[in-house]
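For reference, the chains in residue letters:
2 protein chains.
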Amino acid sequence: MASDLLYERLAERLRHQIQRGTLRAGERLPSLRRLGRDQRISLATAVEAYLQLEREGLIEARPRSGYYVRAPAAPMPRASARHRARAPQPIRNPALLGVLDVLGRCDLISLHAATPAPSLLPTAALAAAASRVMRRNAQAALSYAIPQGLAALRERIAQRYVQCGVDVDPDEIVITAGAMEAISLALRTVARAGDVVLVETPTYYGLLQAVSEQGLRVIEVPNRPGLGIDPDRLSELLERHAVRAAVLVPNFNNPVGSLTSDEAKRAIVAACAAHGTVVIEDDLYGELSYSGERPSPLRRYDERGGVITCGSYSKMLTPGLRVGWMLGGRWAPALLRAKCFSTVATSTLSQLTIVEYLARHDFERGLRRLRRELAVNAQRYREAIALHWPQGTCVSAPAGGMALWIELPPQIEGQAVFEAAMARGIGILPGHLFSNRGDYGHHLRLSCGQPWGEPVETALRTVGALAGDLAG
Amino acid sequence: MASDLLYERLAERLRHQIQRGTLRAGERLPSLRRLGRDQRISLATAVEAYLQLEREGLIEARPRSGYYVRAPAAPMPRASARHRARAPQPIRNPALLGVLDVLGRCDLISLHAATPAPSLLPTAALAAAASRVMRRNAQAALSYAIPQGLAALRERIAQRYVQCGVDVDPDEIVITAGAMEAISLALRTVARAGDVVLVETPTYYGLLQAVSEQGLRVIEVPNRPGLGIDPDRLSELLERHAVRAAVLVPNFNNPVGSLTSDEAKRAIVAACAAHGTVVIEDDLYGELSYSGERPSPLRRYDERGGVITCGSYSKMLTPGLRVGWMLGGRWAPALLRAKCFSTVATSTLSQLTIVEYLARHDFERGLRRLRRELAVNAQRYREAIALHWPQGTCVSAPAGGMALWIELPPQIEGQAVFEAAMARGIGILPGHLFSNRGDYGHHLRLSCGQPWGEPVETALRTVGALAGDLAG
Chain A
141 MASDLLYERL
151 AERLRHQIQR
161 GTLRAGERLP
171 SLRRLGRDQR
181 ISLATAVEAY
191 LQLEREGLIE
201 ARPRSGYYVR
211 APAAPMPRAS
221 ARHRARAPQP
231 IRNPALLGVL
241 DVLGRCDLIS
251 LHAATPAPSL
261 LPTAALAAAA
271 SRVMRRNAQA
281 ALSYAIPQGL
291 AALRERIAQR
301 YVQCGVDVDP
311 DEIVITAGAM
321 EAISLALRTV
331 ARAGDVVLVE
341 TPTYYGLLQA
351 VSEQGLRVIE
361 VPNRPGLGID
371 PDRLSELLER
381 HAVRAAVLVP
391 NFNNPVGSLT
401 SDEAKRAIVA
411 ACAAHGTVVI
421 EDDLYGELSY
431 SGERPSPLRR
441 YDERGGVITC
451 GSYSKMLTPG
461 LRVGWMLGGR
471 WAPALLRAKC
481 FSTVATSTLS
491 QLTIVEYLAR
501 HDFERGLRRL
511 RRELAVNAQR
521 YREAIALHWP
531 QGTCVSAPAG
541 GMALWIELPP
551 QIEGQAVFEA
561 AMARGIGILP
571 GHLFSNRGDY
581 GHHLRLSCGQ
591 PWGEPVETAL
601 RTVGALAGDL
611 AG
Chain B
141 MASDLLYERL
151 AERLRHQIQR
161 GTLRAGERLP
171 SLRRLGRDQR
181 ISLATAVEAY
191 LQLEREGLIE
201 ARPRSGYYVR
211 APAAPMPRAS
221 ARHRARAPQP
231 IRNPALLGVL
241 DVLGRCDLIS
251 LHAATPAPSL
261 LPTAALAAAA
271 SRVMRRNAQA
281 ALSYAIPQGL
291 AALRERIAQR
301 YVQCGVDVDP
311 DEIVITAGAM
321 EAISLALRTV
331 ARAGDVVLVE
341 TPTYYGLLQA
351 VSEQGLRVIE
361 VPNRPGLGID
371 PDRLSELLER
381 HAVRAAVLVP
391 NFNNPVGSLT
401 SDEAKRAIVA
411 ACAAHGTVVI
421 EDDLYGELSY
431 SGERPSPLRR
441 YDERGGVITC
451 GSYSKMLTPG
461 LRVGWMLGGR
471 WAPALLRAKC
481 FSTVATSTLS
491 QLTIVEYLAR
501 HDFERGLRRL
511 RRELAVNAQR
521 YREAIALHWP
531 QGTCVSAPAG
541 GMALWIELPP
551 QIEGQAVFEA
561 AMARGIGILP
571 GHLFSNRGDY
581 GHHLRLSCGQ
591 PWGEPVETAL
601 RTVGALAGDL
611 AG
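These protein sequence lines are chains A and B, in that order.
Okay, so the first sequence: first residue is 141 according to our numbering, each after it adds one.
Okay, so the second sequence: first residue is 141 according to our numbering, each after it adds one.
Don't take every hint at face value.
[Stated by the list, open to error] Label pairs and their calculated CB-CB ranges: (1) Gly581/A - Cys246/B: 49 to 57 Å; (2) Arg275/A - Gly581/B: 43 to 51 Å; (3) Ala499/A - Gly366/B: 45 to 53 Å; (4) Arg275/A - Glu523/B: 37 to 45 Å; (5) Ala605/B - Cys246/A: 56 to 64 Å; (6) Asp241/A - His156/B: 46 to 54 Å; (7) Glu200/A - Gln303/B: 50 to 58 Å; (8) Cys246/A - Arg275/B: 18 to 26 Å; (9) Arg276/B - Arg245/A: 20 to 28 Å; (10) Asp241/A - Arg153/B: 47 to 55 Å; (11) Gly445/A - Arg380/B: 41 to 49 Å; (12) Pro362/B - Gly581/A: 50 to 58 Å; (13) Gly612/A - Asn277/B: 40 to 48 Å.
In case anyone wonders, no lab produced these hints; they're calculated from the structure.
Yeah, the Cβ is synthetic: ideal placement off N, Cα and C, and Gly gets one too.
Let the hints inform the model, and build the full structure from the sequences given.
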């Protein structure tokens, strides 16, 4: 307790020195040992203070060298940055690269992919819809759609938001190849290399990757299991840094599955508006609440058109058709331009198939079934983990979506469990993928999108046993 | 009088290059003799242009050395530059914005979209293929494909290149949502904001847009009707500038329809390799040679894996399914990463539909028909233009693809003809879209993708009459 205060105070002092310029960009900070000795504090306290400043983006660790004051948020020195920037940007968390190998494998028991099993989705109805489109409207389905996306689809999407109390105009919607394209285009439209972007921790590795590929710098706000995004901490960070955009997942964050309260959402949107920070909201799981109640997107509290809400049919109907969207607000024209000169337009056949499905089927009814099944899966998976995994394992209690966030006992490395599971043909993901800095070394993320049954139960029992072995 | 105009125009062009940074402070300008030769102007005119710029303080003469770009009077204010960079990047050629409106209209006689009419494409066979996929394989078609794209499709694409003498490994191919995504990802992977990229002039406005959205700077190498890319000029430019990437369309450049010779291709690849310039090749029209002979892509002459070749089924089978590719060479792993965290994967239904089509139909036979029809269209369109358009109109004789590049008599503005045609429900594009600087003010681009017939004939006659009226 006392040490908490000590490291906070130390961090505060160093922060001031950096902000005042007493400690300057590029300057090496005292070694941890030296700092401990000079300040008469424990090494642990010194480490805590430096980690805090590192999280805030004020200092950085350089391997085998020590801690250095980072260059300020603002403009990269042109000439030198240019040369450095030339090489393909290294990814900070090298583990992110390994994800591609896992995503490319179809032979795994799929506890790694955050996608509902085909049996939970209206596969037959969608297949029939696609065939009908091809029978009646092949010429249109095989021609370019307009870049913005089919009006009939945009109207459906707008209606759905209106039903949950959000005023959306079909004309501000741009259809994308999934939510990932939406987020990637939004980031590219609002931010430039070197800008600071706020993300949650933990958060979806794809967001981190998109941020990293664009040469953006990151600060992190915690997303707490059961609580969601901390609006006070977010406000503090916005006070302290010039944050260009905040990429947030208030509804069933992947991986922790938390729901941010309406009150917190309102505060978050207000704080971002006050600081000129654009909100890019990933509302991918918003419709997948276990309680059945559709939580508001941040967009609901937006009065200035400064929130870009991204969504997709990938988790509700089908990932394979690649249909998502963005509610552009005042950014809509710029987002449309970005879309047009990135992938021109989204597959017309995909769009028409979804329009046809929505016209003939009760979307809400299908969603109800999906939500129910995911809630049941989450519960069963959690029970199996409680039963078969090493003592001291904690598992999140998600409020929606399909991610389970597992904290292992401290002596077990998530990466080791991941590798052991892969060797047995079971796909799971190590927790450190969900952090820009490789935190969460003792975490795992599982998806509960596969229906409960013998293969899943066996897989969970196997991974639990592997984790137990690794505990030694 | 005439010389006044010439030197003014030349000075204007150089002024722009300096202001935009294409010509940079300290850089040596071409010698007067060289300038005269390159621009086909008299020595006196070249002198006049340089004197003018010297008077303006933009360049300076250094004794026995030549003319140099002067350093700007004062450094750019840093803070303001940052604020400027924050806002969505303005598009340099404001006319590019208008393209979106045209592309979004379905009610025009389509002489503007560089896409074959559905009647020239195997619409029924593709529709049947999609229905078969959905009947037999709906579950796979609606699930995520692996980010790299289906192996069966990559093998087909590799085979096709092997047939035309290019050694391609399916493992270096990444499937994309059309060639535009491929080019956009390639640019993002190899270049960083502020880098210099070489493009052709004239060139496809989508390339210019992608380059502009990424904050890249541009230098231009002429693509000459009937001749293609000038390898000598390209080499000179690479000598003079640090060019990160060259985005080239050697086969049937859009809009001029020219074919760059094999000899020139070899020289271009060698020059780029020597200067460390990555080649991003847009081979979108490579299969659409009117002679029937498939010209080599630049990739054929690449010995170091430094050429990224982008292609697509959009102009050969269907644009609506959004399936393209890149041959990544040594960039393949980085390109795959970029794809994964941009649109995750390409529509599985789209990919499977094309695989199914290729398995059951003679692709080459369909292509033969398409090439023949485009060649006939091009000829008929050209005859109609010769017949009905104002005297002094020149129209390109493309060797493949579907673009016609039209030079109007100097008193007629392309933009005015474009607007008048739009008002009559006829879609064409003004030439200045095809230049980063808004050159080609007296040009138009037409597409000959619509089959010859009364509507096209009437439209061409109407546009010719409108152009005649505008000539006064």
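Checked hints:
Take glycine 581/A and cysteine 246/B: their Cβ atoms lie about 54 Å apart, and the range 49 to 57 Å holds. Our hint of 43 to 51 Å for arginine 275/A and glycine 581/B holds, since their Cβ atoms are close to 47 Å apart. A hinted range of 45 to 53 Å holds for the C-beta pair alanine 499/A and glycine 366/B, which are about 51 Å apart. Checking the proposed 37 to 45 Å range against arginine 275/A and glutamate 523/B shows it holds: the Cβ atoms sit about 39 Å from each other.
Alanine 605/B and cysteine 246/A have their C-beta atoms about 60 Å apart, which keeps the hinted 56 to 64 Å range intact. For the pair aspartate 241/A and histidine 156/B, the beta carbons lie near 48 Å from each other, so the given range of 46 to 54 Å is met. For the pair glutamate 200/A and glutamine 303/B, the beta carbons lie near 51 Å from each other, so the given range of 50 to 58 Å is met. For the pair cysteine 246/A and arginine 275/B, the supplied restraint of 18 to 26 Å holds, since their beta-carbon distance comes to about 21 Å.
About 23 Å separates the C-beta atoms of arginine 276/B and arginine 245/A, a value consistent with the hinted range of 20 to 28 Å. Range check, aspartate 241/A to arginine 153/B: Cβ separation about 51 Å, and the 47 to 55 Å hint holds. Taking 41 to 49 Å as the suggested C-beta distance range, the pair glycine 445/A and arginine 380/B conforms, at roughly 45 Å. Evaluation of the 50 to 58 Å hint for proline 362/B and glycine 581/A yields a pass: the beta carbon distance comes to about 56 Å.
Between glycine 612/A and asparagine 277/B the CB atoms are about 46 Å apart, so this pair conforms to the stated range of 40 to 48 Å.
The structure fails none of the hints (numbered hints given earlier).
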